[in-house]
Amino acid sequence: MTLEPFFSPKNIAVVGASRDVNSVGYGVLSSLVHGCVKPGVPGEGKPYAGEIYAINPNADEILGVKCHKTLEDVPAESIALVIIAVHASIVPQIMRDAAKKHAKAAIVISAGFGETGAEGKKLQNEMLSVAREAGIRILGPNCLGLIAPHNNLNASFALSTPPAGNVAFFSQSGAMADSIIDWALRERYTFSAIVSLGNSADVDVNDLLLWALEDANTKAITLYLEGVSDGRKFMDTLRRVTPTKPVIVLKGGKSAVGLHAVSSHTGSLAGSYKVFTAAVHQSGGLMVDSIEELFDVARAKADSPALDLSPLEKTNPADGSIVRSPKGVVIVTNGGGAGVLCADYCGDFGVPLAELSAECIAALDASGKMHPAYSRGNPLDLVGDALPERYAAALHTVLSQENVSGAIVIQTLQTMTNSIEDARVVVQASKAFPDKPIVAVFMGGKYTEESINLLREHSIPDYNDPQKAARAMAALAGLL
Amino acid sequence: MPLLGYAATAELLSRYQIPACHQVAIQSQDQLWAAKQSFEYPVVLKALSQQTSHKTEKGLVKVGIASDTQLMEAFSELQAATLNEKVDVFLLQQQLSGVELIVGGKRDSTFGPTVLFGLGGIMVELVQDSSVRVAPIDTRVATEMIFETKASAFFRPEGFRKRKLNAGIVEQLLVSVSKLLMEHPEISELDFNPVIATSDAAFVVDARILTD
Chain W
0 MTLEPFFSPK NIAVVGASRD VNSVGYGVLS SLVHGCVKPG VPGEGKPYAG EIYAINPNAD
60 EILGVKCHKT LEDVPAESIA LVIIAVHASI VPQIMRDAAK KHAKAAIVIS AGFGETGAEG
120 KKLQNEMLSV AREAGIRILG PNCLGLIAPH NNLNASFALS TPPAGNVAFF SQSGAMADSI
180 IDWALRERYT FSAIVSLGNS ADVDVNDLLL WALEDANTKA ITLYLEGVSD GRKFMDTLRR
240 VTPTKPVIVL KGGKSAVGLH AVSSHTGSLA GSYKVFTAAV HQSGGLMVDS IEELFDVARA
300 KADSPALDLS PLEKTNPADG SIVRSPKGVV IVTNGGGAGV LCADYCGDFG VPLAELSAEC
360 IAALDASGKM HPAYSRGNPL DLVGDALPER YAAALHTVLS QENVSGAIVI QTLQTMTNSI
420 EDARVVVQAS KAFPDKPIVA VFMGGKYTEE SINLLREHSI PDYNDPQKAA RAMAALAGLL
Chain B
0 MPLLGYAATA ELLSRYQIPA CHQVAIQSQD QLWAAKQSFE YPVVLKALSQ QTSHKTEKGL
60 VKVGIASDTQ LMEAFSELQA ATLNEKVDVF LLQQQLSGVE LIVGGKRDST FGPTVLFGLG
120 GIMVELVQDS SVRVAPIDTR VATEMIFETK ASAFFRPEGF RKRKLNAGIV EQLLVSVSKL
180 LMEHPEISEL DFNPVIATSD AAFVVDARIL TD
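Residue numbers (numbering that gives the first Met the number 0), protein chains in the order written: chain W, 0 to 479; chain B, 0 to 211.
Honestly, the hints are just simulated from the structure, not real lab data.
Treat the hints with care, since some could be wrong.
Unchecked claim - Each computed DSS-like pair below joins lysine-lysine, with the alpha-carbon atoms no more than 25 angstroms apart:
#1 B:Lys161 - W:Lys273
#2 W:Lys232 - B:Lys149
#3 B:Lys149 - W:Lys253
#4 B:Lys61 - W:Lys273
#5 W:Lys326 - W:Lys430
Claimed, not checked - Residues of chain B placed beyond 12 angstroms of chain W at every Cβ, according to the derived structure:
#6 Asp29
#7 Asp67
#8 Met71
#9 Lys85
#10 Val86
#11 Gln171
The beta-carbon is built from N, C-alpha and C at its ideal position, and this holds for glycine as well.
Put together the whole structure using the sequences plus the hints.
What follows is the structure in structure tokens.
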């Protein structure tokens, strides 16, 4: 069955909706009604368009939503999505009620199931068997819920809703999904979906990957995982998804010691993290080491064309033989130091720098826009007083070269720097060369804010650090 | 986890066309004497026991044996050193020179059989420079495995310190190990360390296979 009822249900019931502002049930209802838990928190949340029902036997109305004693009392013939935030012990009964209302999907936020031991596992199995029989898919239990910003659906108790975008984030840690939302608001990260997996009793990472493969809004998929139950199945799913949509994985538990003592050389060398990394790479996925890298890389992969580093092939007219020559990226900068650092980072990530041909240098000279002391090489240092027209001439000239596959554009701030116009130059270049990725490094803060916003609006990856730009290029070439 | 005995290990290797160095298992001095006719000095003599995993540390490997006298001495010393152990076999091996590699395998609890490659010898854990793939692998993946480790220096056209190894032979070995592991789910860990490789061959010198 499709997961669509989770992401765009025609109506929703919240079981355990509460008047206590510090409860999960209140938080979930508030998220649905306001788009965020705390009205006034600068999120982008809007009320969900579908009908919302609150289930609470002791209240008449919460947050302007009329309360019903049980699911069965809800006047609608059927309920598409049931969100459950009540004590674990009564969840199987709620699931039976949900079945009577022809529910298609349930988000079980309640904890106290398989994660707590044998008793909880029994309860989880009971809930699951009721749901399976009724054809209800379950997200959770023990999860934060899910957010689909394009549909204004915040079915979680996360603080707010992040802006709608093209990156899906599926997390085995609910709290991590939560914190990322607040951070995303500040860092201008945007999402097509955020899903907290919880115990994955039913809907697991494989189901969500396949959903994201079909989801028109999603262009890149990010995962925070601590483990997968069936490694071979996970690899098969990744192999289906990665040819169409990039999957970037952050794996927790890197330092975890194996459950049993290893007794061979191979046993000690082939640790579980190393094997996990190999499995992801073999299946076309990318691995990163931190939360920041996860979303930095996702932004580039979602928005940019791939960096094509396949060698140039030319036929030698003299003997008809094929001559191959390498391609690479060009670093265009108005600051020497930032350019040198960026070149170093490109080296670390295995991203080759293109050699600028004599014809390319001649064309730059002929543009009449270059400073007499410009570097005439790669990194292409335009010198500190570079104005937008110099950036434009440089970018168009280098990107016209067939051995140049992409460009990193660095801007450091000087008194004469015209940051917003420089950003427009980058946007124009990306439109003129749609097959060649351009990554921007507009270093600064307050005075670069407007230009960074412009770059974001035009889906040009921008970072405040040349290392991140080099990593993004490596990701675009499939080198991570 | 039980260690597979010498005979079963040798049989498994030959079934998968995994070449071991020239070796003969012996139980007595008479057998040793007969066996040595097919060897040229220097040779290696080892005691294989079910209990011991690190033979070198226990003094159960005698290398560089260059004469009949030294061979007799080595055998007496090994017998004395293993008085209190159940010895599987004593193993007489041709001493080889070449580059020491490790080819290994492990059944991962999540992903199942995996194959490992790296520079071998007694310092592999110290060096920590190996590549891993989930099995099954083909020769293309085996090539990737070789070239992402520091051992790759030996496989480049220019070689390293006048030593050049044959990538095709090592790739075939990795693919064979992958096949062996896929067809034998009862194997939990497998160490071929060292594998001694030269420009035209790669021989397993020490094989340890652990089963459920």
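Results for each hint:
no.	hint	in the structure
1	B:Lys161 - W:Lys273	32 angstroms, violated
2	W:Lys232 - B:Lys149	32 angstroms, violated
3	B:Lys149 - W:Lys253	23 angstroms, holds
4	B:Lys61 - W:Lys273	35 angstroms, violated
5	W:Lys326 - W:Lys430	21 angstroms, holds
6	Asp29	34 angstroms, holds
7	Asp67	34 angstroms, holds
8	Met71	32 angstroms, holds
9	Lys85	18 angstroms, holds
10	Val86	20 angstroms, holds
11	Gln171	19 angstroms, holds
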